[in-house]
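Number of protein chains: 2
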Amino acid sequence: MLKTSPDAGKLSRRRLLTATAATAGGIIAPPAVAETLADVPPREPGDDLTAYSLRSPYVQIARIPEAAPGQRNVDPSVAINSKSPLDKFLGAITPSDLHYERSHSGVPNLDPSKHRVLVHGMVRKPLVLSLDDLRAMPSISRIAFLECTGNGWENWKAAPDNVTVQHTHGLVSTHEWTGVPLSFLIDLVGVERASTWMLAEGDDGAAVARSIPLTDEIIAEGILAYGQNGEPLRPAHGFPVRLFLPGFEGNLNIKWLRRLKFGDQPFMTRWETARYTQLQTDGKARQFQLKQDVNSVITSPSGMMRIKAGYNRITGLAWSGHGQITRVEVSTDGGTTWTDATLTGQVLPKAQTRFQRDWVWDGRPVKIVSRSTDDKGNVQPDRASFIAQVGTNALFHYSAQQTWGIDEAGSVRNVLA
Amino acid sequence: MLKTSPDAGKLSRRRLLTATAATAGGIIAPPAVAETLADVPPREPGDDLTAYSLRSPYVQIARIPEAAPGQRNVDPSVAINSKSPLDKFLGAITPSDLHYERSHSGVPNLDPSKHRVLVHGMVRKPLVLSLDDLRAMPSISRIAFLECTGNGWENWKAAPDNVTVQHTHGLVSTHEWTGVPLSFLIDLVGVERASTWMLAEGDDGAAVARSIPLTDEIIAEGILAYGQNGEPLRPAHGFPVRLFLPGFEGNLNIKWLRRLKFGDQPFMTRWETARYTQLQTDGKARQFQLKQDVNSVITSPSGMMRIKAGYNRITGLAWSGHGQITRVEVSTDGGTTWTDATLTGQVLPKAQTRFQRDWVWDGRPVKIVSRSTDDKGNVQPDRASFIAQVGTNALFHYSAQQTWGIDEAGSVRNVLA
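Those protein sequence lines, which keep their order, are chains A and B. Under this note's numbering, think of the first position of the first sequence as 4, with each following residue one higher. Under this note's numbering, think of the first position of the second sequence as 4, with each following residue one higher.
Any given hint could turn out to be false.
Just so you know, same-sequence chains aren't split out, so a pair can sit in one copy or run between any two.
When the alpha-carbon atoms are kept at most 25 Å apart in a straight line, the in silico DSS-like pairs for lysine-lysine are as follows [what the hints assert, rightly or not]: (1) LYS379 <-> LYS287; (2) LYS160 <-> LYS311; (3) LYS160 <-> LYS287; (4) LYS91 <-> LYS117.
It should be emphasised that the hints constitute simulated quantities derived from the structure, not laboratory data.
Please model the entire structure based on the sequences and the hints provided.
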């Protein structure tokens with residue numbers, strides 16, 4: 004399960020030492036403190052333990068809630084996101100309070116003791132479920148990513164070069180989700196065999212509602228989630244209960260879930276007719292493009308960072324709605340040649356996977372880019388092929404390779420190539 | 004990897020329906036709202052999105068910092084713990100701010116730009132490393148539990164019956180840890196072949212320091228961790244860098260790591276002579292009992308809860324420092340007969356694993372208890388066998404089965420049996 008190559012250490016050490024020798028300094032410094040126990044500085048008792056482990060005041064890490072000046076960010080006419088700072092993350096799990104947020108009319112403050120979920124339509128036994136009912140049922144837990152359908156949409160046409168990876172890719176996060184298997188609920192209410200679609204409706208002001216096809220994959224993997232990273236959902240993520248469909252576009256994962264209705268055709272809500280459709284090159288709109296494709300991005304070095312010549316560690320995140328990441332390659336010459344990166348954590352299906360690669364930068368301008376492959380054989384396309392195939396009318400499901408340009412000064416910038 | 008039984012849903016549904024019929028009510032309620040879209044209540048925009056996703060005001064979840072009245076909890080003469088509320092957790096990952104805390108002189112507030120780690124002793128090339136140095140090196144991420152050596156120690160002799168599972172077992176948590184493989188550092192500094200022990204020293208007021216044997220397992224799995232659940236360590240957990248040794252007693256996982264010294268024998272610090280030794284039945288003390296054994300506990304129903312007759316879902320957590328949990332059994336007759344529980348998440352080695360079992364309680368007094376097995380064949384012992392083997396002089400490494408008694412009123416109490 005631990006997929007790190009046993010050779011990674013030795014290779015890296017050799018490169019580190021080479022890099023250090025080359026730059027005459029670097030990480031190999033002479034010991035600056037004595038090598039004895041006598042060098043222990045005076046030490047005093049620290050702070051009391053508390054009810055919560057808070058962050059160090061030295062750590063600055065936050066999302067950026069987006070709204071135009073003078074607008075509340077609940078205004079449905081503006082983009083309403085809080086993007087995750089991928090450039091500051093370590094590992095693959097997203098910190099509990101930094102999972103990206105996206106909503107269409109702000110975050111409702113729901114009382115869990117009053118909240119109910121209606122399950123009806125083509126079922127033998129319609130039910131109204133309280134949160135206590137749901138928590139009494141069998142549960143499942145799963146670590147998986149969630150990605151906004153619109154993640155990366157700035158790059159469809161002409162994103163500026165002065166953006167960070169938080170801006171370009173910050174609408175994807177990975178948590179452990181816990182709740183009732185959708186299959187259990189389908190069995191409990193006795194969904195009719197003829198039912199092929201399910202309407203899920205949220206209890207937010209925008210009443211977001213989507214039609215979900217009852218595929219084998221969705222029935223097997225769907226969760227009515229009430230837990231997130233070990234605790235009850237937080238309000239921005241759908242408290243007290245949301246739908247979680249691993250690998251499927253964020254908008255389908257209805258937050259503040261209020262209702263599931265089973266039917267035999269899609270319900271054609273405005274969220275799948277007027278919105279969340281994909282405009283094709285021929286001017287027609289494609290509906291129900293639901294799966295998040297294989298994707299990856301280098302998070303360091305990334306947009307607006309500044310690096311120094313010599314040894315640099317390239318690291319980033321890869322994910323696929325189709326399954327498990329099997330390979331990430333990195334190019335430091337704009338996609339001409341590629342080297343396998345090391346996957347540095349536990350590789351889980353439909354979860355973000357961290358990769359890294361050693362790199363000694365010679366100080367000349369370069370372009371760095373990553374390319375991921377999943378266990379279904381999907382390979383992340385370069386931007387030119389991607390655009391050639393789907394055009395630039397679309398807004399959603401952007402998953403082309405992300406190129407970062409680095410100039411002589413070491414400044415890293417977004418490059419649409 | 005997903006170890007949930009495909010039969011779990013069907014079995015549970017039948018039992019739920021049976022239980023419901025028996026109690027004439029329960030979760031199967033008639034629909035209380037109309038089955039049409041017209042029943043949507045008036046809805047208003049919710050709260051703005053923010054930089055952090057905070058908890059719902061309806062969710063009460065916190066640790067309990069322990070200190071006697073009038074004492075600061077940095078006082079080394081008192082137990083200094085903040086225990087995790089296992090009874091309120093969902094899934095297996097511990098919420099980022101609720102990982103248990105344990106320290107011997109409070110939490111130092113270290114400036115990462117000034118912090119250094121000295122690596123010296125029996126090495127070819129002693130080094131002083133900054134946090135930037137460490138973060139430039141190859142990294143590894145791993146989801147694993149950490150458990151205080153003293154977890155459960157109240158139960159060695161005579162714990163009161165009016166305690167919660169937060170009190171009895173709250174010194175174990177599971178996070179994703181990210182940092183530099185210990186093997187890489189050993190290679191980098193060129194540890195001599197004759198070195199068999201490593202001293203790790205913290206930068207806290209108590210200067211906690213421990214000798215760590217350089218076993219194959221520790222070299223292969225040890226991490227100089229700077230990341231925790233996706234973000235920099237929090238101060239209470241060792242910011243900016245700690246040692247993380249999956250499966251080994253918490254006290255070895257030195258926080259605020261300041262120094263690693265390699266030698267050819269244990270360094271005999273006070274933390275392994277005066278403390279953290281295990282007093283045997285014959286009055287002799289056992290040193291270096293380092294591994295956390297196979298363990299489990301039912302977290303619901305658990306101490307101080309009150310349940311109702313009829314359908315109840317039993318759920319809990321299991322973990323082993325020796326490897327992966329392969330089986331958890333649950334008894335509802337005080338250990339006379341056992342039934343396999345379902346493992347409800349992704350089962351990872353040396354990580355907490357959630358289990359559950361359906362149960363219909365007939366309202367008569369019972370004792371419920373869980374028993375876990377790991378992939379090395381270790382089986383969690385009952386308390387009588389455990390005490391018979393190790394006596395009651397000991398303080399650490401308590402891992403016997405936890406029994407909860409339930410009386411006619413449905414009150415759940417700690418039982419030492």
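Against the structure, the hints:
1. In this assembly of identical chains, the alpha carbons of LYS379 and LYS287 never lie at most 25 Å apart, being 29 Å within a copy and 59 Å across copies at closest.
2. For the homomeric pair LYS160 and LYS311, neither the shortest alpha-carbon distance inside one copy (31 Å) nor that between copies (60 Å) is at most 25 Å.
3. Taking CA atoms no more than 25 Å apart as the test, LYS160 paired with LYS287 passes inside one copy only; the shortest distance there is 18 Å, against 74 Å between copies.
4. Proximity of LYS91 to LYS117 under the C-alpha cut-off of 25 Å is restricted to the inter-copy arrangement: shortest distance 20 Å between copies versus 38 Å within a copy.
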